[in-house]
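Trainee: With the hints in hand, could you dock these two chains into one complex?
As a plain string of letters, each chain reads:
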Amino acid sequence: MNSCFSAENLYRVWDSVTIDFSFTAEKGTMTVIVGRSGSGKSSVLRLIAGLEQFSVRSDGRTPVITLNGRDITHLAPGKRGIGMVFQNHALFNHLSVADNVAYGLRCKGVHTAEARKSAEEYLSLFGLAGFGDRRPGTLSGGEAQRVSLARTLIMQPSLVLFDEPLSALDAPLRKKLTADIRGSQKREGFTGIFVTHDIAEAKAVADRIILMKAGKMQWQGGPEDFSEDMID
Amino acid sequence: MVNRIHAAEYSAAVCAGIIFTCICIAFLFPLGAAILPLFGGKSSVSFYYSKLSRITAYTFETALGSTLIAAAVGIPAAFFTANRTFPGRRFLLSLSAVPFCIPPLIIALGFVGTFGMSGVLNTVLMKAFHLKNQPLTFLYSSAGVITAQGFYNFPLVMSVVSASWEQLPTDERDAARLLGAGEGRIFFTVTLHQLSPAIAAACIPVFLYCFFSFMIVLLFGNIGGTTLEVEIYQAARTTLDFKTASALALIETACAMAAVFSYSKIKPAYAADSSAADYGYDRTKIGRALYESRVMKIVEYGSCILLGTVILVFFLCPLFSIFAGGVTGKDGAYVFVKIINSGGFRNALLGTLETAPFSALLCVVTAFVYAWTLRMRDPLGQNTLLQTLPMLPMAVSSVVMGYGMTLLVDRGTVPALIAAQAALAWPLAFRQIYASLCAVPQDTLDAAVLLSDTPLDTVFRVALPSCRYSTASAFCFCFAVSMGDTTLPLVLSVPRFDTLALYTYRLASSYRFAASCACGTLLCILCVLIFALGKKHE
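Residue numbers (the numbering used here), protein chains in the order written: chain A, 1 to 232; chain B, 1001 to 1538.
What the hints contain is simulated information worked out from the structure, not anything from laboratory work.
There's no promise every hint is true.
Said to hold, decoys possible - Restricting the straight-line Cα-Cα distance to at most 30 angstroms, the calculated cross-link-like pairs of lysine-lysine (BS3-like) are:
{"no.": "1", "chain 1": "A", "residue 1": "175", "chain 2": "A", "residue 2": "213"}
{"no.": "2", "chain 1": "A", "residue 1": "117", "chain 2": "A", "residue 2": "176"}
{"no.": "3", "chain 1": "B", "residue 1": "1297", "chain 2": "A", "residue 2": "79"}
{"no.": "4", "chain 1": "B", "residue 1": "1297", "chain 2": "A", "residue 2": "108"}
{"no.": "5", "chain 1": "B", "residue 1": "1535", "chain 2": "B", "residue 2": "1265"}
{"no.": "6", "chain 1": "A", "residue 1": "186", "chain 2": "A", "residue 2": "79"}
{"no.": "7", "chain 1": "A", "residue 1": "108", "chain 2": "A", "residue 2": "27"}
{"no.": "8", "chain 1": "A", "residue 1": "186", "chain 2": "A", "residue 2": "108"}
{"no.": "9", "chain 1": "A", "residue 1": "79", "chain 2": "B", "residue 2": "1285"}
If we strip away everything but chain B, and leave its shape as in the complex, we get (with noise of 0.2 angstroms):
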């Protein structure tokens, strides 16, 4: 019997194993083969410096563009989450969901809803004042793509900010207040310091998915205005010029790593800083902090009123009117009995189904591979080499996978969709599985070394007890990501095969509006509600 258990856990350990070892070559071999052809062949890169210089600093003014937006959204919003109760924080708070569990696609779907030339603001503010052109016409240009990005990662700056703002220590600012600063003085003079640390971890991150966005991009991007991104899909798919798609995605990615390596600086910093909270936290209400004056008591309730509605309008209409859209088609709310009956959504709906759990189990086995390695190889997590690693994935856009990978199958393929999307999801597991591997004290593993029979005896009878729930979290987070992904099915398109998220795409890029719209809230609702499922499970 006993042999029989071990046998069973040597037999897991193997496949476990196996699979870690085709994830690192899932993702290292397309890397490569993304990158080789720019070293091969007599012809030249395509591109002139002028060009290569101009995508590239637009894809750096949009990424930052954005990412200064979402800060501006973000920080304030915080400072009224951390500090503050106000009706609804709750639900503010838990927005920080929405660039995770939807995908930017459904973005683009909403703000065209709302912003588009047939939208509803143009069409409220047309009637409202007669106009004849639509007076809002920024979406489809570089504003447009820096607005919905902007909006759509608010969340996850407002999130990681104000986590650490509740966390700070609060001995500076109260000494600083009784050293006779005023609120002002003591938000730039200490608050910030403290707060820094966590913003930049906060809008590295965001940087990096506005920089590597594709969709948005692709839907919104004006003439003349491409990004790298954009660049590398047209170079592989349309005009076929390898090494020039080989050459912006060299480039891609080295910014990419320097961004994730400044990422991976910042991290231990700010989680060292964010454990030293003292004192609880006593939130007021907004315009009741203790004697705070009558002017900022103005400002405060001008600023919650401003930030309110920016969010409402750039963010929350957005997201109704992806709903909206579908019901306000010429079928109205049949729109969706029709989507769900035609034979596009039932494969779309297969096909999602064939790819997003595979994926999603890969990425947990990947990821708890290396968590336990380095939870057990670095239990004081000092090997910044071990700790950076995780984080190499991040560094990868979609489309220099995608078009990796095409390059080393030939034609895509559902185990290629498989591997490439486990290949880049898998820290996201990672992240989760090793937070809750980090969580069981030291002792605690010791003992259990010194009990087990074998070491495999460790990893299944605590190790693997210990995340349960983490890791049951991370696979429906994986399975949502994967669900909402359209880039790499669309970059690797697999013949006769569909996803939920490429689905909705085809339907808007044909124009079907209301249906794309219809397709975009069942896909949203299915992200949300496996996204949720795995938030009980934390």
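Pulled out of the complex, with its shape left as it was, chain A reads as follows (with noise of 0.2 angstroms):
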């Protein structure tokens, strides 16, 4: 398997769920992680972004994570070449739309004038041509996630996580974004972890799909092989 990520023992205690995870994934799919609200999802999305610290094993078996053959485990979220989509948005408020777009090309040293040029020009990939000096409380939740999504691909991330990135969207949008998001992915080439509580979404963008209980993989296959009554 031409295998471009790899995340093994991804481990976390909370409360209510331990997470025990370990997976693959092909470079330039999109692998969609289903299941119910507090399963751990978003957590296994956060371990491997480095948001969220693992819990130390009792087996003394370690996390490991790779990404194009490079161990990631204990880089900075900022050095593992991952970008993340929000299922707020999480769009700065109190700078403009091209501003939030160039904001990480700031960050690496891109020159002020050319790192917004370039957001400019990601802004009008993502059909938002002239929205630049919006702010993003102008926009509809429709927009506000294109402009993430602009945000993180603007980085040529290898991997990009989706956190129920279309949850707060209706159905139209929803179907419009994901047609977006796949239609990106071809354009870019990174590999996508998205996570979902939704069967039909999860279908629409899946390559593959992963089944989560209580914080551990429960099933594995292609999209058109899942059905609605595995996750019950």
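Mentor: Next up, the structure:
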């Protein structure tokens, strides 16, 4: 298997659930993690991104996360080559749309004008040309999520984590954004891990589905083999 | 039987209505009376424009300087209490009660005991370095006023900002982290913006408290460095220049109104922001944050040690030295026995018990009447005028209120003192009672209204029981505030009447430092006990 991403022994103990999870993802594919609320889906993403600390296992096994053959387990979140699209967009409300998209480039030391130009280009790619000077607060849910996607992809990450990005949107917008995400994946070639509790959404986005229950992998396979009763 | 219950309910409601009206009158009439002399008579204001502007500027400078110190200490302290675990974290957070339950006079005494000419630090430094003169002389100057006020109020900034920091949504900061921003950049480009409403909501009241500061300025203010509050007192009580006092009162109240108006604009934004928390907080030990660089760890340890030292020297030492100042006098610990057995103390204690409970009772009744009316008339909290009205007493100082009251009643009386204290302190009770009434779901209130025989049934059977704990807590809070109030009893000067706070001040101003510290310690203990009793009810 042409695995570009692997996560082994992801382990975290919460009061409500213990996450004990390992999986791999092939380059350029979209792996969807499905499960009920509280099954630990979002925590898996946060562990992969480095936003959450691992718990120490009693059996001595340690977590290992590799991306494109590079061990990123102990790297800071910003140095892992990972992007993340959040459920509530997580846009910086005090910055303009263009400054939001350019934020990561500015952190890397790219000159303001150059970063702004790239941001405008990315905004155009997502149908948001002319939105650069607006504030995130004036955007609709779908527009805000596309800005969030542009802000993530402008950094050209190898792996993009989607934490229920469509859950706050209505049905037509979900369909449109699903197409946007798949289109951008084809264009940019990133590997994606997509978390959702919506079966239809999972089937529409996935190349592979992982079913998660109580912090552990319950099933994995193609979207065509997945059925709703598996969740119960 | 039912009729008898209804009659009792109606009587109670009528009493509450009368009290509410009286307190409104007790607020508006003295305020009007304090400003009225400006527009009557033939004499002119004896102040030159330059002097007036100098006093106003000095008041602003000291209030602003104190607020900056409170923020400079409070915000870093809030970082540690919100994001890190360390021994003493709970103790540090509990210090937020100090500005509420320990009167400024006591803090002033503590500063004298620590940094005064014969204070602990000067004595230690002179002995250690064989100095002839005291090395620390900043206390009786603007620097002393600013330092004392700033450190007295820093726990307020710390507690408000810390609570907000814990509630901040983490997604924006996580997004910035994943986009490659370092912790410093995240703080300045994301966190600071998220925290700014909370910082403003904490700093504006601190600014107002410092703007109205009377005792500390009266004790530490240097010649030429006088504030509006002290000048109003001097003009009203010493030189009897009412026109000047009124002009100063008008300027002071107008400035404070502007600050209160800004505060009312910020509060809702801050409240809306603080409800947006999503992930739980993983507090780490100091210097153990995930992926923190070695340099940042050293910076964090260094800041923690520096901050701890500053808080120890400028906050905890003065607090401790109030007690130490009592026992290190020539009588030692026996000073407490002497004070308790003295007639002056007993009179002061009786005076306190004659005013504080009644003032607190008036506060909670007024607060409940307004809170309930507001809850029913404006369930969504969108009526800016109704929401802002209870903040108005924040814009009127004790000196202005006392000055207006003396003009109205001619001679200070105990009822006038109680009414004046209640007129200024009831918003403190209102905040607690209104918050607990807002926590009652609208559906519950609607059901109660539909099931109740009369509207008063809803009040006595649903509203009052729903907020009984916050009412008890508010009562204790107002009790402690009234007990610690030195300014109004001083300005009103009720003949042959003393309170504990006033008695402590009298002892201090007659240079009986050990006795005043002992009396202050006892007052402090009583305030803390009553405040803690209220907290227990929350």
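Trainee: Okay, which hints does this one fail, numbers in order?
Mentor: none
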